[in-house]
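S.K.: Read off the chains here:
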Amino acid sequence: MLGVNPSTVRYWVSTGRLSAEKRGRGWVVKRDDLETIMAQRRRRAGRPQLVEPLADPGEQRKGLSMLDSIDFSDDA
Amino acid sequence: MSDEFGSVQEAAMHVRRADARWQAAVHGFDPYPDRLRRLAEAAEGERKALLFADLCNVRWKPQPGARGLRLAAELDPGDRIGPEKLWVKFDKALDQLGVALEGDGFAELAAVFGSLSAAATEIADALDQPDEISKTG
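Taken in sequence, the protein lines are chains Z and L.
Going by the working numbering, the first sequence opens with residue 2, and the numbers climb by one from there.
Going by the working numbering, the second sequence opens with residue 13, and the numbers climb by one from there.
No wet-lab data here; the hints were simulated from the structure.
All C-beta atoms in this analysis are idealised placements derived from N, C-alpha and C, irrespective of residue type, glycine included.
Hints may contain errors.
Simulated coverage check for chain Z against chain L, where a stretch passes if three residues somewhere in it have a Cβ under 8 Å from a Cβ of chain L [to be verified]:
1) 11 to 25
2) 36 to 42
Listed next, the in silico SDA-like pairs over lysine to any residue satisfying Cα-Cα at most 20 Å (straight line) [unchecked claim]:
3) Z:K63 / L:D46
4) L:K60 / Z:S74
5) L:K97 / Z:L68
6) L:K104 / L:R49
7) Z:K63 / L:P89
8) Z:K63 / L:V111
9) Z:K63 / L:R29
10) L:K73 / Z:K23
11) Z:K23 / L:A78
12) Z:K23 / L:D91
13) Z:K63 / L:R28
14) Z:K23 / L:V111
15) Z:K23 / L:A32
16) Z:K63 / L:D107
17) Z:K63 / L:E56
18) L:K104 / Z:L65
19) Z:K23 / L:E56
20) Z:K23 / L:Q35
21) Z:K23 / L:D46
22) Z:K63 / L:P142
23) Z:K23 / L:G40
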């Protein structure tokens, strides 16, 4: 999402800094709102690299699937 | 394998559903304190599903390398809203989650989810007190 770490967006929404609207099972944020916050961050820091790298894809995996703790090896 | 009550399949179904709720809560966009309440409810769902699996004598498979896991960057120390002492409890429970995933069985993992649920609820309750909003963990 515009090069912003999804966790960062979740944090902004969680803390009320960024508005999000629930649609069905997902959430939608306005691109303009997101770009405004990013511009503020860049101005405050004075350098563009504050746009965070995307999260490590493996970061969100561990601790999310308890199903992986079930041994199905003899159930096939 | 049959589908009768208490089968591996039924236990797996409950765990799969609990996982879906847990993943949605971890990646949720709800504002605080609702975010934490949703996490707490999902953790409680995991606790129940894992206890059920334990009661069904489902075979346990450890998840090596889970120690030190991170759920989501915004739950890491630094910019969090709420009392630090309560976030310390949450962090401790999260550390235990990684250890339990590498550990010996469903009961231990279920207990950790109980701790996570309690910690998240405590933070959410604290955030409902107006004076706590400005404190960070």
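S.K.: Confirm or reject each hint.
M.R.: Now the hints, each set against the structure:
1. 11 to 25: holds (count 8)
2. 36 to 42: violated (count 0)
3. Z:K63 / L:D46: violated, 23 Å
4. L:K60 / Z:S74: This hinted pair is violated, its Cα atoms lying about 23 Å apart.
5. L:K97 / Z:L68: Measuring from Cα to Cα gives roughly 32 Å; hence the hint is violated.
6. L:K104 / L:R49: holds, 18 Å
7. Z:K63 / L:P89: holds, 18 Å
8. Z:K63 / L:V111: holds, 12 Å
9. Z:K63 / L:R29: holds, 17 Å
10. L:K73 / Z:K23: Distance of about 37 Å is beyond 20 Å: violated.
11. Z:K23 / L:A78: violated, 32 Å
12. Z:K23 / L:D91: Violated - the C-alpha atoms of L:D91 and Z:K23 are around 24 Å apart, more than 20 Å.
13. Z:K63 / L:R28: holds, 15 Å
14. Z:K23 / L:V111: violated, 35 Å
15. Z:K23 / L:A32: With a Cα-Cα distance of about 18 Å, the restraint between Z:K23 and L:A32 holds, given a limit of 20 Å.
16. Z:K63 / L:D107: Given pair Z:K63, L:D107 holds - Cα atoms ~12 Å apart, limit 20 Å.
17. Z:K63 / L:E56: Judged against 20 Å, a Cα distance of about 18 Å means the pair holds.
18. L:K104 / Z:L65: holds, 17 Å
19. Z:K23 / L:E56: With Cα atoms ~24 Å apart, Z:K23 and L:E56 exceed 20 Å; violated.
20. Z:K23 / L:Q35: At roughly 17 Å apart (the allowed maximum being 20 Å), L:Q35 and Z:K23 satisfy the hint.
21. Z:K23 / L:D46: holds, 14 Å
22. Z:K63 / L:P142: Cα-Cα ~34 Å, so violated.
23. Z:K23 / L:G40: holds, 11 Å
The structure does not agree with the numbered hints 2, 3, 4, 5, 10, 11, 12, 14, 19, 22 stated previously, though it agrees with the rest.
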